[in-house]
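Engineer: Model the full assembly from the supplied sequences, consistent with the hints where possible.
Each chain is listed here by its residues.
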Amino acid sequence: MSDENEFIPNIVYGLCAWCGTGGSETAAAHHLKYPENIKPFRVMCTGALDPVYILRALFEGADGFIVSGCHPGDCHYDTGNYRARRRITALKTILGTLGLDSERVWLRWVGHGEGQRLVDTAFEFNDHIKKLGPNPLKSRRDS
Amino acid sequence: MDDIKWLQGKGKLGIKAFFQDILNKGLIDSVLMPAKNKKGNSYAWFLMNKDGFLETSDPIPPVMTIQGANILKNMTKKGESWSKTAVVLRPCELRAVIELTKLEQINLENIILISFDCPGAYPLTHYISGDQTSFDQKFDSSLYTASFETERNACIACNQFTGQGADIQLCLLGASDDGFMISASSAKGKELLQNVDGAKADNIETQIKKRDELMGKLQKEKDEKRQTILDRFKDTIYGPENLLNVFSACINCHNCRRACPICFCSACYFESKALNSEADNQLNRASRKQGLRMPPDLLLFHVGRMNHMSISCVSCGACEDACPENIPISLMFSLVGRDTQAVFDYKPGHSLEEPIPFVVYKNEEFKESEAHYTKRHQSACNCNTK
Amino acid sequence: MEKIYDSQMKSHDFIKALFEKKIVSGLGTLTQLPNNKGVSFSLLSDAFDIQKCMPFYPIMPANAAIAVSKLTRETSPSQPVAIMLRPCELRALIELTKLKQARLDNLILISFDCSGVFPFKDSKYPTDTMLDSYYQSIKEATINNNIRQVCSGCDHYVPVGADIAISLIGRGVHETLGFSFGTEKGKNIQEKMGLSQASEIQPANLEKLTIERQQNKDALKQNNKISNLDALLDVFDTCISCHACSYVCPICYCKNCYFESQTFQYYPENYSQRLTKKNTLRLPIDRIFFHLGRLSHMGSSCVACGMCSDVCPVDIPVSEIFKAGGESIQGVFNYQPGQNLDAPLPLVTYQEKELHEMED
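First to last, the protein sequences are chains A, B and C.
With the first letter of the first sequence counted as 1, position 31 gets the number 31 in the working numbering; the numbers rise by one all the way through.
So the working numbering is basically just the index in the second sequence, starting at one, shifted up by 143.
So the working numbering is basically just the index in the third sequence, starting at one, shifted up by 529.
Hints in this document: simulated from the structure, not taken from any laboratory.
Incorrect hints may appear among the rest.
To be verified - Taking CB as the label site, the calculated pair distances span:
#1 C:V877 with B:S409: 25 to 31 Å
#2 C:D578 with B:E414: 27 to 33 Å
#3 B:L495 with C:E789: 23 to 29 Å
#4 C:L821 with B:E348: 40 to 46 Å
#5 A:G133 with C:N564: 17 to 23 Å
#6 C:P873 with B:Y381: 39 to 45 Å
#7 C:L821 with B:N346: 52 to 58 Å
#8 A:K131 with B:N302: 35 to 41 Å
#9 A:K131 with B:L495: 26 to 32 Å
#10 C:Q744 with B:D320: 37 to 43 Å
What the hints assert, rightly or not - Restricting the straight-line Cα-Cα distance to at most 25 Å, the calculated cross-link-like pairs of lysine-lysine (DSS-like) are:
#11 B:K182 with C:K754
#12 A:K33 with B:K518
#13 B:K182 with C:K653
#14 C:K550 with C:K539
#15 C:K550 with C:K581
#16 C:K653 with B:K377
#17 C:K627 with B:K179
#18 C:K784 with B:K220
#19 B:K182 with C:K784
#20 A:K131 with B:K518
#21 C:K566 with B:K416
#22 A:K131 with B:K510
#23 B:K153 with B:K353
#24 C:K784 with B:K181
#25 B:K377 with C:K566
#26 A:K130 with B:K518
#27 B:K518 with A:K39
#28 C:K627 with C:K714
#29 C:K650 with B:K168
#30 A:K138 with B:K416
#31 B:K182 with C:K807
#32 C:K714 with B:K221
For glycine and all other residues, C-beta sits at the position ideal for the given N, C-alpha and C.
Structural biologist: The structure is reproduced here in structure tokens:
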């Protein structure tokens, strides 16, 4: 059932170059698909992701942002994902305090071989954002 | 156990006499504290040695012109001070100094930190454009009560009003025109205080008790007041509509960032090439967002700055003093800081040993930030069985 | 003197026509914010929200030349974009173009004769009374009481070099717009808009207004004259070295300002030596130096827009001082900032024999 006016969310999927991208490659190897409207965004490590990049995406047109990378303890650069976890925590706290929908940012660790998990996350988040609706900030000239 | 002495002298005159005394005795080489400016209508920071101690100096000015931590940062960023310097700081300036020391922007070697029970301050523009003499009088008469009427948002909402954490504290709360207590908590402070002649005070125990009681009462009042003010403020800014309303007057001048002691980055991300883009890209953005406010990235600057520094925000209010549009930015950052600091159970400016939350981590923590994965997604199954 | 044509359109119709006739695919102008209170310069890519456009609104939240520089510094737009600016913003834009911080290709510059703007402090959200009195002063060609000090003394209030110049003074903002098409680009648009045969409007007599403004300018210069060191120290006595004046200045484009560079981050030895010499040292150092230095760096291009005074947290009359200082420097080089794109910046050009009077 496709509705012309159906809201197709604009989602950015932040993936680390190692486990995150690896996960998407594993998914590809198993011929798993995920929705087309989810755009992968590769960073070397989730620890290299300044939350400001997530904010920029949300203010400029993204309806949601997922961050996936190596599980804590398995970071390719040892401690990057620990940093990411703290930063995303701070980001979600701030979005929550300001009423800017901290639910539009998800953090879920995905290992190199966890293709199914990555694809499931993509679908789950897509549905989640569809329920939340379009991001009110993206069509505001004053943001 | 703190060393406590009682010094004779009326309010600020007594405090200034103390500084002249320790300068004369060579216990310190120089003192860094505010004094009246040339015209006498404002204050500025002065580094003074024994022969240069100004008559017009004022350890507790009624206005915060430049955040003291910024001054100390300028002085010691490139290396430890060559002279033993006592610095007189408001409690919020002291907390900023502690944070900046952890951020390696201040070197506390040879520096003795002195703070006091702070009544608050006037908003900067308000003070400059008003009747300074009457402001000064009103302020000075509140020295012993640590509480006075002001419109400065950060001071109204302040609940950390004593010099706790400094090497030496000037205990003015509950004092009288006869004299005041001075206490030292650190080794540095105690060493200095040893050579200071306190006056005979039989009732020092009573004085301590009186101050403790007043402090307890005020602390409770101020704690509640802060929560109420921040909660009420949250209602006015909550949600995209309200938030953008508050920032509608903002002209993106970044004065708040420059006034902020914690924002020490000389190459700020929000002023860097990273935010430059091609003309067509900006037109695309304009078409997507029904227009593009120029200069762009205003909300990004504010929320991004919160992400970067709200965890160390000491609620000093320098940002709001510097804002040309009177946006309640210090309340905004205090509100967000309250939550980000609580998440990490962190108290900015309290302890040199407490690391800033972004530089440490635990192997297992904040599971609640992760999106919990329970089961395979229906569509994922359907999509992939074709 | 260019002829003024009656466009038979008011500002919203004009903007709509620009988009509908595909003359432009973008517009930069002052717009009301969605909350219906504040205004800001905005880039619009279509005629969607025309009712919110307020090109003549008397507030300058930022010098629009900075907005245009942000837009075009890296590249020019691939389709024409119209920019509506005040004369001082236009002059600042010309200067920025010479400084390689903006590009004018594919931009259609639209300006108008300016009656000043309100300072932020007094009028963040001007009342209807204030606005009505302002619009009245436009119609009567008088100087409104509530505008920035530098605006009241500005005698460059008629735009030079715009593709389209709108004549407001003497006519008012509620009449149909009177256009002059000063450039080739402008004349092209005149044709595209079907205004080649439009009826002409008699230009307003601005003599009296100009004389009044020149008198104000002289008064400002006199009142803010700095004749000796004491006066200099006095005027910048409350300065808190926030550098906001530099940041909002359209001409001060340097990302790594000299006065914030390593040169001015002193080693402890420096502080120690100064203190030994002076016994009392006001901090931060170089408070006055910053202002004198900034004046010498950008004074030759200062367009006296008044943003610096407006943003100063301690109400120092920076723009009055810089206007006077800037004009002296410009006088020595016989240079008028922003009037001519081909006139080279005085500090990047030279003649072998000149300025002998400056030599000792």
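Engineer: None of the hints should be skipped; say for each whether it holds.
Structural biologist: Verification of the supplied hints:
1. C:V877 with B:S409: 25 to 31 Å: About 27 Å separates the Cβ atoms of V877 of chain C and S409 of chain B, which means 25 to 31 Å holds.
2. C:D578 with B:E414: 27 to 33 Å: 29 Å, holds
3. B:L495 with C:E789: 23 to 29 Å: 28 Å, holds
4. C:L821 with B:E348: 40 to 46 Å: 57 Å, violated
5. A:G133 with C:N564: 17 to 23 Å: 21 Å, holds
6. C:P873 with B:Y381: 39 to 45 Å: 54 Å, violated
7. C:L821 with B:N346: 52 to 58 Å: Check passed, 56 Å falls within 52 to 58 Å.
8. A:K131 with B:N302: 35 to 41 Å: 40 Å, holds
9. A:K131 with B:L495: 26 to 32 Å: Violated, since K131 of chain A and L495 of chain B (Cβ atoms, about 47 Å apart) do not stay within the stated range.
10. C:Q744 with B:D320: 37 to 43 Å: 56 Å, violated
11. B:K182 with C:K754: Satisfied, since the Cα-Cα distance of roughly 17 Å is no more than 25 Å.
12. A:K33 with B:K518: 17 Å, holds
13. B:K182 with C:K653: 29 Å, violated
14. C:K550 with C:K539: 16 Å, holds
15. C:K550 with C:K581: 20 Å, holds
16. C:K653 with B:K377: 23 Å, holds
17. C:K627 with B:K179: 44 Å, violated
18. C:K784 with B:K220: 22 Å, holds
19. B:K182 with C:K784: Violated - the C-alpha atoms of K784 of chain C and K182 of chain B are around 33 Å apart, more than 25 Å.
20. A:K131 with B:K518: Judged against 25 Å, a Cα distance of about 19 Å means the pair holds.
21. C:K566 with B:K416: 31 Å, violated
22. A:K131 with B:K510: Since the Cα atoms of K131 of chain A and K510 of chain B sit roughly 24 Å apart, the hinted pair holds (cutoff 25 Å).
23. B:K153 with B:K353: 18 Å, holds
24. C:K784 with B:K181: With Cα atoms ~32 Å apart, K784 of chain C and K181 of chain B exceed 25 Å; violated.
25. B:K377 with C:K566: OK: K377 of chain B and K566 of chain C at ~21 Å, within 25 Å.
26. A:K130 with B:K518: 19 Å, holds
27. B:K518 with A:K39: OK: K518 of chain B and K39 of chain A at ~23 Å, within 25 Å.
28. C:K627 with C:K714: Since the Cα atoms of K627 of chain C and K714 of chain C sit roughly 20 Å apart, the hinted pair holds (cutoff 25 Å).
29. C:K650 with B:K168: 49 Å, violated
30. A:K138 with B:K416: Given that 25 Å is the threshold and the Cα spacing comes to 23 Å, the pair holds.
31. B:K182 with C:K807: The hint holds at about 20 Å.
32. C:K714 with B:K221: 55 Å, violated
The earlier numbered hints that this structure contradicts are 4, 6, 9, 10, 13, 17, 19, 21, 24, 29 and 32.
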